[in-house]
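Visitor: Fit chain B to the given chain A structure using the hints.
One line per chain: the protein sequences are A and B, in this order. My numbering applies: residue 2 is where the first sequence begins, and numbers increase by one. My numbering applies: residue 2 is where the second sequence begins, and numbers increase by one.
Take these hints with a grain of salt, some might be off.
As a list, the in silico PhoX-like pairs of lysine-lysine whose alpha-carbon atoms are at most 20 Å apart [claimed, not checked]:
| no. | chain 1 | residue 1 | chain 2 | residue 2 |
| --- | --- | --- | --- | --- |
| 1 | B | Lys28 | A | Lys111 |
| 2 | A | Lys142 | A | Lys111 |
| 3 | A | Lys111 | A | Lys3 |
| 4 | A | Lys28 | B | Lys111 |
| 5 | A | Lys36 | A | Lys46 |
| 6 | A | Lys179 | B | Lys179 |
| 7 | A | Lys153 | A | Lys3 |
| 8 | A | Lys142 | A | Lys153 |
| 9 | B | Lys142 | B | Lys111 |
| 10 | B | Lys36 | B | Lys46 |
| 11 | B | Lys179 | B | Lys142 |
| 12 | B | Lys179 | A | Lys153 |
Please keep in mind that the hints were generated in silico from the structure rather than gathered at the bench.
Protein chains: 2
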Amino acid sequence: MKRTDLVNNILSKGSFLCVGLDPDPAKMPAALAAKGADGIIEFNKAVIDATAAYAVAYKPNLAFYETLGADGMRAFEETCAYIRSNYPDQFIIADAKRGDIGNTARMYAKAFFENAGVDAVTVAPYMGEDSVTPFLGFDGKWAVVLALTSNKGSEDFQMIRDDRGTRFFERVVLQAQKWGTPVNMMFVVGATRGELIGDVRRLAPRNFFLVPGVGAQGGSLEEVCRYGMNDEVGILVNSSRGIIHASNGDDYAEMAGNKARELRDQMAAILRERSMI
Amino acid sequence: MKRTDLVNNILSKGSFLCVGLDPDPAKMPAALAAKGADGIIEFNKAVIDATAAYAVAYKPNLAFYETLGADGMRAFEETCAYIRSNYPDQFIIADAKRGDIGNTARMYAKAFFENAGVDAVTVAPYMGEDSVTPFLGFDGKWAVVLALTSNKGSEDFQMIRDDRGTRFFERVVLQAQKWGTPVNMMFVVGATRGELIGDVRRLAPRNFFLVPGVGAQGGSLEEVCRYGMNDEVGILVNSSRGIIHASNGDDYAEMAGNKARELRDQMAAILRERSMI
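This is chain A alone, in the form it adopts within the complex:
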């Protein structure tokens, strides 16, 4: 999906919500959980149907599918195919955090963009240029580079200062912009510390940010928008557990829809305040 289409979808829906499709059988109705990969497919389809009106993107995290082996990968593929067929205006992000040497990275890029047909893949920067650029050569496809993550461990390396005082996550954001542009590269910027989102925004004024950590991980939507938005919105805010596992009963899809609508309403209010819609 092209950047202009993504921005138009956000503005027409009044939403920059990304729904994380990280289905945890332990939090699903027992009858569905017992069905393994088929249960996950059924669960995802119901959640997607209930939330698509309020979201502009879906982000399946591959770990939740790989844990079921080949059957899980089928669930991932069928989930992506279902979204593409029924909701073609949704942006699909494979949250895979891949990063490998050039020829291997090309295999991953082909697997996700050509076979699974997703719009974007999250990519880890540690291995540098040739691990990222293979994801940039597909028309309308995106690399989403990890910059500042929302977990506790983000302190361990991302905050290290180099000999000029620049933090490592800032080095990543500066260096990666030599490889990609605002039409094929986004950054993962965690929601847990608002002022840091502002630091990334100053370094990358036009790139979209994928912002995890709102909801279950404690980030505030207001703060994310204050520090992270640009004049084309420029953020996709992800919520996973807070939406898809809002209920572990048979009303899981209805409750997911309610949670997604609540977030959409908050997002629309923010966009209206800023006269963007």
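Guide: What follows is chain B alone, placed relative to chain A:
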């Protein structure tokens, strides 16, 4: 597999060779390539049978399987199962370079250790402690943390110096040792610059190193051993393309066996020189 068993296997075979199972259909006999995932399984089994006498470890890179979707994951699983059943003394490394927040990292660890049954998983350090430690809690299983990779892009971030002059890959090696020990953590240390392997060895005297980059990527076995070995050998040297695609004809397995034997002979000579066998 426990560390003592791995060291014993190395000494009894006179080999610290890891065979990278990264099957590229374009370099396989056409009749096999045409069979998709089944062709890859057949190819891998023949390569394993031909090389097992000379190797102590196998390292399938997940990208080469994921590129075939669910079918490819089946090929990965069947390959691992074949090794476990027929060559139970082989150490299996899933080269997946995973790294995600704690609860997600746990899913990956379970998928690889419990479902696929591998001994080790390569892990990217960028997200810090909670992305690595979930791989450390399984008896006889290992996290192989990326420290210094063998690709050109390794220059981009791994060589950055912090405000005390310590390079980033050194920070990773120091920090990671606060989480893991020499019995559950190895490091990936690329072969392309020998003296850098020595730098890592000084920081991590007892950990095993998984050394890619010998062969197709240009690293020298002699140099790797001079800088990387410790008194328990302490290195697994990987070769992928140089072995499994030594021939693209019907003699691929025989040629893979020949290449593996050549490397084993060189390794055994080095171990004998050092009076380790």
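Visitor: Each hint: holds or not?
Guide: Hints, verified against the model:
For the given pair, Lys28/B sits about 18 Å from Lys111/A by alpha-carbon distance, which is consistent with the 20 Å threshold. About 11 Å separates the Cα atoms of Lys142/A and Lys111/A, which keeps this hinted pair within 20 Å; it holds. Restraint check for Lys111/A and Lys3/A: satisfied, since their Cα atoms lie roughly 18 Å apart, inside the 20 Å limit. Restraint check: the Cα-Cα separation between Lys28/A and Lys111/B comes to about 17 Å, which is no more than 20 Å; the hinted pair holds.
Note on Lys36/A and Lys46/A: the hinted pairing holds, with a Cα-Cα distance of about 14 Å set against a maximum of 20 Å. Between the alpha carbons of Lys179/A and Lys179/B the distance comes to roughly 34 Å, so the proposed pair goes past 20 Å and is violated. With a C-alpha separation of about 33 Å, the suggested pair Lys153/A and Lys3/A falls outside the 20 Å cut-off, and the hint is violated. A C-alpha spacing of about 30 Å is found between Lys142/A and Lys153/A, which places the hinted pair above 20 Å, so the restraint is violated.
Taking the CA atoms of Lys142/B and Lys111/B, the gap is about 11 Å. The hint holds against a cut of 20 Å. A hinted pair counts as satisfied when its Cα atoms are at most 20 Å apart, and Lys36/B with Lys46/B qualifies at roughly 14 Å. A C-alpha spacing of about 17 Å is found between Lys179/B and Lys142/B, which places the hinted pair at or below 20 Å, so the restraint holds. At most 20 Å may separate the alpha-carbon atoms for a hinted pair to count; Lys179/B and Lys153/A meet this at roughly 15 Å.
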